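Novice: Line by line, the protein sequences are chains Z and Y. Residue 301 in the working numbering sits at position 299 of the first sequence; the count goes up by one each step and never skips. Residue 430 in the working numbering sits at position 403 of the second sequence; the count goes up by one each step and never skips.
Be aware that one or more of the hints could be misleading.
As the list claims (entries may be wrong) - Which chain Y residues face chain Z? A few, computed with CB under 10 Å, are given here:
#, residue
1, 156
2, 288
3, 291
4, 292
5, 297
6, 396
Hints are computed from structural coordinates only; laboratory data are not their basis. Because the structure is a prediction, the values reported are computed rather than measured. We put the beta carbon where it would ideally sit given N, CA and C, even for glycine.
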Amino acid sequence: MLRVSRLSKSFGTLLAAREVSFEVRAGEIYGLLGPNGAGKTTTLSMICGLLRPDTGDIHVDGTNFWSEPNRAKRILGVAPQDLALYEELTGRENLEFWGRLAGLDRATAVRRAGELLEALALVERAGDLVKNYSGGMKRRINLGAALMHRPRLLLLDEPTVGIDPQARARVVDFIQTLASEGMAILYTTHYLEEAEQLCHRVGILDHGKLHAEGTVAELQQRLGGERFFVIEGRFADANPASWNGFEQRFKILQRTDRQIVAAAMGTRDPSDCLRELLALPVPVENVTLKRPSLNDVFLQLTGREWRD
Amino acid sequence: MLQHIGILLGKDLRRARRNPVPYLIHLCIPLVITGLLGMVFSSAGKGEGSLGRIRVAIVDEDDSAVIRLLRGALNQGQASEHVEARFLERELALREITNNAIAAVVVIPQGFTDHLLDGREPAVLELVKNPAQAIHPAIVEEALAVLTTGLNAIARNFGGEVAAWRPILSGERKVTLREVGSLLEQTGDHLERLRKAPGLWRVSYEKESKPETPTPPDNKTASKPGVGFNMFALLLPGMAAMFLVFLADVAMRDLQREIRFRTFHRLCTMPAGATAFVLAKVWFTLAIVILGATILMGGGTLLFGITWRQPWIVALLSFAVSVFACGFMAALTGLIGGEKKADVLNTMVGMALGMASGCTFPAEALPDFLRLHVTPLLPPAWFIGAMRHVQNGDGTSGPWILAAGKLTALGIVLALLAARLLQRRLERGLRS
């Protein structure tokens with residue numbers, strides 16, 4: 003449904019996107035992950051036509067976006083990160099307005115608004131002005147406005163930012179339902195747990211570059227297995243290269259004076275790995291077995307913590 | 028495109044209805060200021076909105092037959108209801124100004140009539156205004172402009188006849204009834220020729236104007252007393268012109284608010300695009316300003332008892348100035364761009380335009396350079412001049428048609444320019 007090829011965009015000397023390429027298929031939720039300032043919104047803005055890329059192509063449903071922008075815009079639905087709503091209008095009026103602007107006639111817009119208000123659990127507050135809504139309710143209307151014309155490709159830019167866990171769970175459930183109905187969804191977020199839970203595939207973006215993409219399991223696999231070890235001790239003066247065969251059996255992912263994070267290489271049993279680590283020629287205070295997260299993947303790919 | 032503009036316009040009007048406070052403020056302020064000024068300046072008058080009699084001293088150093096006619100006219104009929112003219116010696120008249128007993132002194136210098144009728148050198152009247160008063164001296168100045176224009180017209184068009192009449196009127200020599208009859212017939216023929224060919228009228232004011240007592244260019248034609256002078260009718264058009272510009276600013280600023288709240292960006296992800304957005308905003312501004320003009324002029328009627336002599340013309344002029352205000356503020360928004368800059372500059376520019384156009388003070392009170400070289404070029408001054416002409420004028424349609432045409436045309440040109448500017452800015456990624 004969406005194919006992005008070697009997309010680049012710079013603002014002066016800042017290279018906001020560097021040859022970013024990925025695809026989103028029908029019925030798939032593709033997570034574009036990255037910390038704040040990674041280039042997610044810039045990439046999304048290029049895909050929906052707000053920014054023109056310096057180089058690269060965007061194909062929506064097989065057609066180049068810029069050769070037929072209006073055709074692409076009719077296929078797209080965009081829920082921006084900022085709540086792009088009219089606070090002086092009610093939730094229902096907002097939905098109807100955006101629906102009509104997307105090309106629906108009045109009767110269809112009214113009917114679709116009713117359906118979405120029900121699906122988003124906002125029927126009871128539909129007649130209230132948006133300025134009186136909670137953050138979570140505004141987020142849901144913001145999402146609903148993008149869905150009025152039943153887009154086949156949905157672009158969601160941080161749709162759960164700034165809302166409470168309960169509202170977030172409701173939004174996430176709704177998005178899963180949409181994907182199950184065949185909608186292609188490009189989802190940007192900096193909540194890794196949310197991406198792990200929701201996305202079929204993810205792309206990890208940092209400093210405008212897509213470092214890796216694949217399913218969460220595939221990315222975890224890149225770390226050398228399904229689990230890795232967190233070794234705590236005093237490693238300020240330690241030299242792992244001098245530890246007998248350590249670097250042949252373990253891959254160090256991160257090292258500080260107090261901690262080493264290492265993935266076991268090969269297919270050894272975790273208990274064997276544990277014994278080997280406890281026998282290291284340095285005082286080890288604790289060893290924890292941990293399943294790798296997307297944060298660990300990011301750490302391995304970029305050399306820095308997610309929140310750095 | 029039209030459907031999108033309609034949807035966007037409907038949304039903006041609904042939002043304005045839900046949050047009318049910013050617009051109401053800009054509608055209330057001119058009514059309140061007009062009310063306050065009107066009450067202050069009409070406190071000496073006979074009733075609500077009345078100006079009261081203007082006290083003027085006339086120093087007649089010429090003592091000619093023409094001036095004697097004028098002396099008689101001033102103290103008769105409707106003129107005496109509005110003007111209390113006393114003929115005094117120069118020294119006594121100036122003392123009356125010092126005592127704040129009169130609004131102005133008009134000095135008719137020696138040889139005034141000769142100069143006027145000979146046409147060899149400019150005939151100059153001297154006006155001394157009372158600096159302690161604001162409105163009455165300005166009205167005297169305007170009246171003087173009318174008077175000199177009228178005298179000038181007579182002198183230029185009836186030079187020969189007046190020269191012949193002069194010794195008769197002054198009693199320099201005795202004449203026979205036959206001579207008087209012949210002169211009447213000659214004058215009547217001249218009048219008839221002028222009536223059939225209005226282009227022959229040669230009326231201008233410049234020749235008589237002098238730097239010390241210039242008069243506004245909008246008041247060249249003779250005025251006749253209206254349906255009772257109302258101070259509010261004099262003040263309201265100026266206030267309305269300025270605050271309609273401010274109202275247009277408030278409405279147009281909504282475009283920048285939409286950029287700030289990112290609704291514009293969402294709209295750009297839809298097929299409607301930036302063009303429909305900008306055009307809808309211009310239409311919205313026009314709708315708000317026309318509504319504002321209706322409320323201001325209608326409110327003026329209800330609150331201050333103004334009787335517009337020609338309501339339809341007032342409505343047309345109000346529409347024209349609304350179109351101008353909308354186009355002007357749209358263009359300014361397009362030129363300035365950012366919301367923060369607009370916050371500061373739009374208000375300042377609007378206020379400067381209003382003041383230089385004579386919206387807040389009578390144009391006659393402005394410094395010479397502004398009044399003579401700048402004010403006549405400013406659209407609100409066209410509106411004010413045309414409104415005064417309609418309210419106090421002789422019923423001719425030329426001045427108001429010209430003003431309405433210029434205001435409308437300029438407004439449309441500015442709005443089109445603004446649409447182009449804004450569209451380009453928005454497409455380049457304008458940030459507020």
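Novice: With reference to the structure, classify each hint as holding or not holding.
Specialist: Right, here's what the structure says about each hint:
no.: 1; hint: 156; in the structure: violated (51 Å)
no.: 2; hint: 288; in the structure: holds (7 Å)
no.: 3; hint: 291; in the structure: holds (8 Å)
no.: 4; hint: 292; in the structure: holds (6 Å)
no.: 5; hint: 297; in the structure: holds (5 Å)
no.: 6; hint: 396; in the structure: violated (45 Å)
Checked against the numbered hints above, the structure breaks hints 1, 6 and satisfies the rest.
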